[in-house]
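Trainee: Chains as they are written, first to last, in UniProt numbering: chain A, 1 to 331; chain B, 1 to 331; chain C, 1 to 210; chain D, 1 to 210.
Each hint can be trusted.
BS3-like, lysine-lysine: derived pairs with alpha carbons at most 30 Å apart:
(1) A:Lys-2 / B:Lys-2
(2) A:Lys-279 / B:Lys-325
(3) A:Lys-279 / B:Lys-2
(4) B:Lys-325 / A:Lys-254
(5) D:Lys-174 / B:Lys-228
(6) B:Lys-92 / D:Lys-123
(7) B:Lys-279 / A:Lys-325
(8) B:Lys-180 / B:Lys-92
(9) D:Lys-68 / D:Lys-123
(10) A:Lys-180 / A:Lys-92
(11) C:Lys-68 / A:Lys-92
(12) B:Lys-92 / D:Lys-95
(13) C:Lys-191 / A:Lys-228
(14) A:Lys-2 / B:Lys-228
(15) D:Lys-123 / B:Lys-180
(16) B:Lys-92 / D:Lys-68
(17) C:Lys-123 / A:Lys-92
(18) B:Lys-325 / A:Lys-325
(19) B:Lys-279 / A:Lys-2
(20) A:Lys-228 / C:Lys-174
(21) C:Lys-95 / A:Lys-92
(22) A:Lys-228 / B:Lys-2
(23) C:Lys-123 / A:Lys-180
(24) B:Lys-228 / D:Lys-191
(25) A:Lys-325 / B:Lys-254
Restraint ranges, calculated between C-beta atoms of paired labels, are given here:
(26) A:Ala-208 / C:Pro-59: 50 to 60 Å
(27) B:Gly-97 / D:Gly-149: 53 to 63 Å
(28) B:Glu-119 / D:Gly-149: 33 to 43 Å
(29) B:Glu-314 / A:Thr-206: 45 to 55 Å
(30) D:Asn-148 / B:Ala-13: 50 to 60 Å
(31) B:Gly-97 / D:Gly-61: 39 to 49 Å
(32) B:Ala-96 / D:Glu-185: 40 to 50 Å
(33) B:Asn-330 / C:Thr-120: 45 to 55 Å
(34) A:Gly-45 / B:Glu-211: 51 to 61 Å
(35) A:Ala-39 / B:Glu-314: 15 to 25 Å
If you are wondering where the hints come from, they were derived from the structure by calculation, not from laboratory data.
Glycine included, each C-beta is placed from N, C-alpha and C at the ideal position.
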Amino acid sequence: MKKLINSPESVLAQTVEGFTLAHSDLVEAHTDPVFISRATPTPSGKVALVSGGGSGHEPLHGGFVGDGMLDAAVPGAMFTSPTPDQIEAAIKHADAGAGVLNIVKNYTGDVMNFEMAVELAEADDINVRSVIVNDDVAVEDSTWTAGRRGVAGTVLVEKIAGAAAVRGDDLDAVTTLAQKVVDNVRSMGVALTACTVPHAGEPSFTLAEDEIEIGIGIHGEPGRERIKLRTADEITELLLGPVVEDLGIGNGEKALLFVNGMGGTPASELYIVYRHARKLLEDQGVEVTRSLVGNYVTSLEMQGASITVLRLDEELTTLWDAPVKTAALNW
Amino acid sequence: MKKLINSPESVLAQTVEGFTLAHSDLVEAHTDPVFISRATPTPSGKVALVSGGGSGHEPLHGGFVGDGMLDAAVPGAMFTSPTPDQIEAAIKHADAGAGVLNIVKNYTGDVMNFEMAVELAEADDINVRSVIVNDDVAVEDSTWTAGRRGVAGTVLVEKIAGAAAVRGDDLDAVTTLAQKVVDNVRSMGVALTACTVPHAGEPSFTLAEDEIEIGIGIHGEPGRERIKLRTADEITELLLGPVVEDLGIGNGEKALLFVNGMGGTPASELYIVYRHARKLLEDQGVEVTRSLVGNYVTSLEMQGASITVLRLDEELTTLWDAPVKTAALNW
Amino acid sequence: MTADVQWSLSWIRDVAARVSERKSEFTTLDREIGDADHGENLNRGFTAVVERIDGLEQPPGTIGDVLKLVATTLMSTVGGASGPLYGTAFLRASKAAAVPELDGQAASALISAALEGVSTRGKAVVGEKTMIDAWAPAAAAAAQSAENGEDAAQVFAAAAQAAAQGAEETIELKATKGRASYLGERSVGHKDPGATTTALILESAARTVQ
Amino acid sequence: MTADVQWSLSWIRDVAARVSERKSEFTTLDREIGDADHGENLNRGFTAVVERIDGLEQPPGTIGDVLKLVATTLMSTVGGASGPLYGTAFLRASKAAAVPELDGQAASALISAALEGVSTRGKAVVGEKTMIDAWAPAAAAAAQSAENGEDAAQVFAAAAQAAAQGAEETIELKATKGRASYLGERSVGHKDPGATTTALILESAARTVQ
Ligand SMILES: Nc1ncnc2c1ncn2[C@@H]1O[C@H](COP(=O)(O)OP(=O)(O)O)[C@@H](O)[C@H]1O
Ligand SMILES: Nc1ncnc2c1ncn2[C@@H]1O[C@H](COP(=O)(O)OP(=O)(O)O)[C@@H](O)[C@H]1O
Ligand SMILES: [Mg+2]
Ligand SMILES: [Mg+2]
Ligand SMILES: [Mg+2]
Ligand SMILES: [Mg+2]
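Work out the full structure: start from the sequences and follow the hints.
Mentor: So this is what it looks like as structure tokens:
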């Protein structure tokens, strides 16, 4: 295992320290318990947005803290949900009187820890809601399992709910809107290589020189199916197909197309995937009116990508376009 | 070799196509010869900025085309300088009557191809200048060799010269300013893994599980020295030491600290490097007043990072802060 | 040793020592069907528990006090799925064991309360390839043993054996809860990490009380 | 075959064929001390050259016309260091060979002009581990051969042999120009890719004219 780290134990604290030093105009670090908040308080009366989850997905979530997006982010240990007390502290800090919406990726651990934090925060008389993001169509039989995972679509939920909060929506309205994004977003990913969790020291799984893993999660979990390497266009078809089908998007509709890198894939490859996904969507009569390409929800140094499609209407488009000022998204 | 590509031959064209489709509000693709320009013409009377070089360093250079930075970018084949006719076409397209400044990384091929392009453009009566960026302190004995290479510092030259052009500086002034940045910026990099050029199909070099390469270039060239893996803090010291010494920056001075990812390194690791580099600089009395952390000048999927320090004064700081609207830098 | 407060401290210290010894085994199990952190998670948690025990100014009055300290520490240091699950298990157990010493009935009640905690929090049932598949047979065996009038040591021994067997049997199961469920059929053939650590916890209880 | 226009087309086609055959060898040399693209670069260039030759409506009048087509095509398709270097080499050579047929003197002049082009463009001198280390001995041997009154075939043969030997001798050199110079001492022990392809170009000239 070769990593630019000092020890597996120090990765989280030192990442948070470096990140908040580099972006001190936007964010602030809190320790004991650890969370990241905006550098300035949540504007009074604005619904606050809190998200969090295991580390190793940077820039998620700390990179999305700032005006127009999250008010606080709670990083857990590597690939491990944060604890209830961390989340509770972030909720308390972020609340500016209008309540707090938690944006939670659908993993057993995340859901349980956020649930416990909400119980604690409610005891402090804070009005808290949660939306569960579950955009990953790679997980089948979802009603019989832990359900679909939350993956790259989380960024779109955070951005759009963040803009709604800035616009002045109340907690109910922001929650409804966040849920609307969840209902209209689907993703699926592929891994060309596994990633190595620092304390594990070994890759999460092993792929032969000519194998790829389709339907990968963002925690180095093996995916749905292991297949032989194909061309970028073929892989794009394998990913986009289930996304489009599950979302039921088609002729005459508008979409945001998001090609997300898993951390170790060159930008050039993401654009090659984007190019074909866009063509496929347009062949089906779907107009791609907004785009996002880059490393936003990563799995450490994994090589691979995911494709996310969000069905857009005028409201979502306006909120997507609204100003945002965070370390990772800025316009 | 596992890559999300369709064929080694199609990488460049499909990357440019995907990139310009995804960012059609900012950029436009030109073919035959290939270059990327702003979506809107260079504002009349503004000095135009053109840069270029081999592909495989994305987002460099196409990601820096837009308001406040480059007016055109010329991508060559993978790790191969573009040809004179490509560059000439970009210069012609970008010129808005106030002349063109080329920002060239110091490699034999880049320098020669830009030289030939300038000869061609001058024959078309365009006023053209070039600055050669040579920030890589890893190359020793520079007077006896091809000289120091141009690496990550190029982004800072492009940003600051771009702001000067927007401010209304004439060609002489923009050139002088770009040269001032070149004179005040130094970099050095490390590779934990090599990268694989698609048409070569094999890694550019091989490193054992416990080896790293110090003083790496951005083309998968082997570096200055191969050493055993060390902690992030130790590696940071090995990189920052020569940078600070060569730049001669010290007590009471201000700096921009830029930690650049080589493409395959997680953001967390870049922030760990940033954290220690910042501490080391501050221990020496250098105040870090501006920062940049991320994948900006990459070597495909290489794992590794480079550290760049730019000595700041008030003018450079103001120009750094000036608005920029490109795919990769936006504020 | 009788199943008293002193024993409960030994028990928890022993769990911490065993988890630290075997953490890479658990992480490997979790790498195969999860996200490669279960060993690290529990080790972080139990290391913190031992630190807190070491820092106690005065000895706890009841076994419940010890288990509550374990519960709150795990909740605030483990995270992931196992943090809330084990946290809730120990919290419920602490309520059931608010006594200075356990007889067979009380030992059985402690294990049943832990099972109930895991079920409430995780909503899994037997056969879903989770730690429930160790807790549930353990609670049943403990109840049977207590009903037979056996003492705490015998109750824990019965529970430990059932948990170990239950953990072993997760190998054949297909996961439908937790992270391993994403693998579907491919989860078959691997032992569930959480069931394995549950077996460790009960084995340690049995061994330390002997 | 005499060294006429027809020959010059055969020569260039042969270079293209050899480059295509051996491109991975050149790329490997360049991977060792450069950036792993020299074979790809030249293959892209000479493939384009052959396409343009195939597309010619009427046969070129002079050898210079052929070499000029090679020069401009390489300049606009190769890039990197070798694009301008070989582009300029063939451009200068084309001016020196504005005739329908070469005698020994003219063959030597062609090679000297190419050398001059590479020197002017790249500013390297002998011993810096570049293609100059093949062109320079080739030009000297060609001049000597022409002076001895030998014909074009003999001049190219002498040049080819000297270039091959010069390329071989780059192995011992430390690079001080081009990308390999970044390696300093570590460049010693590897053959320079550009010198190797220069040797190929001259070897092909000699073989096709025989
Ligand atoms: N819903 C659930 N009910 C009971 N146990 C569960 C449930 N989900 C997961 N588990 C247990 O948690 C274990 C994984 O714990 P851990 O790896 O620490 O957390 P995470 O899955 O968040 O990485 C699994 O092996 C399983 O035994
Ligand atoms: N200044 C120079 N003068 C002469 N030849 C040079 C010079 N610099 C580089 N070369 C030649 O160019 C070759 C490399 O070409 P190529 O790999 O195609 O370009 P690049 O180095 O830009 O990747 C080297 O092997 C060397 O022979
Ligand atoms: Mg986990
Ligand atoms: Mg090159
Ligand atoms: Mg786990
Ligand atoms: Mg090369």
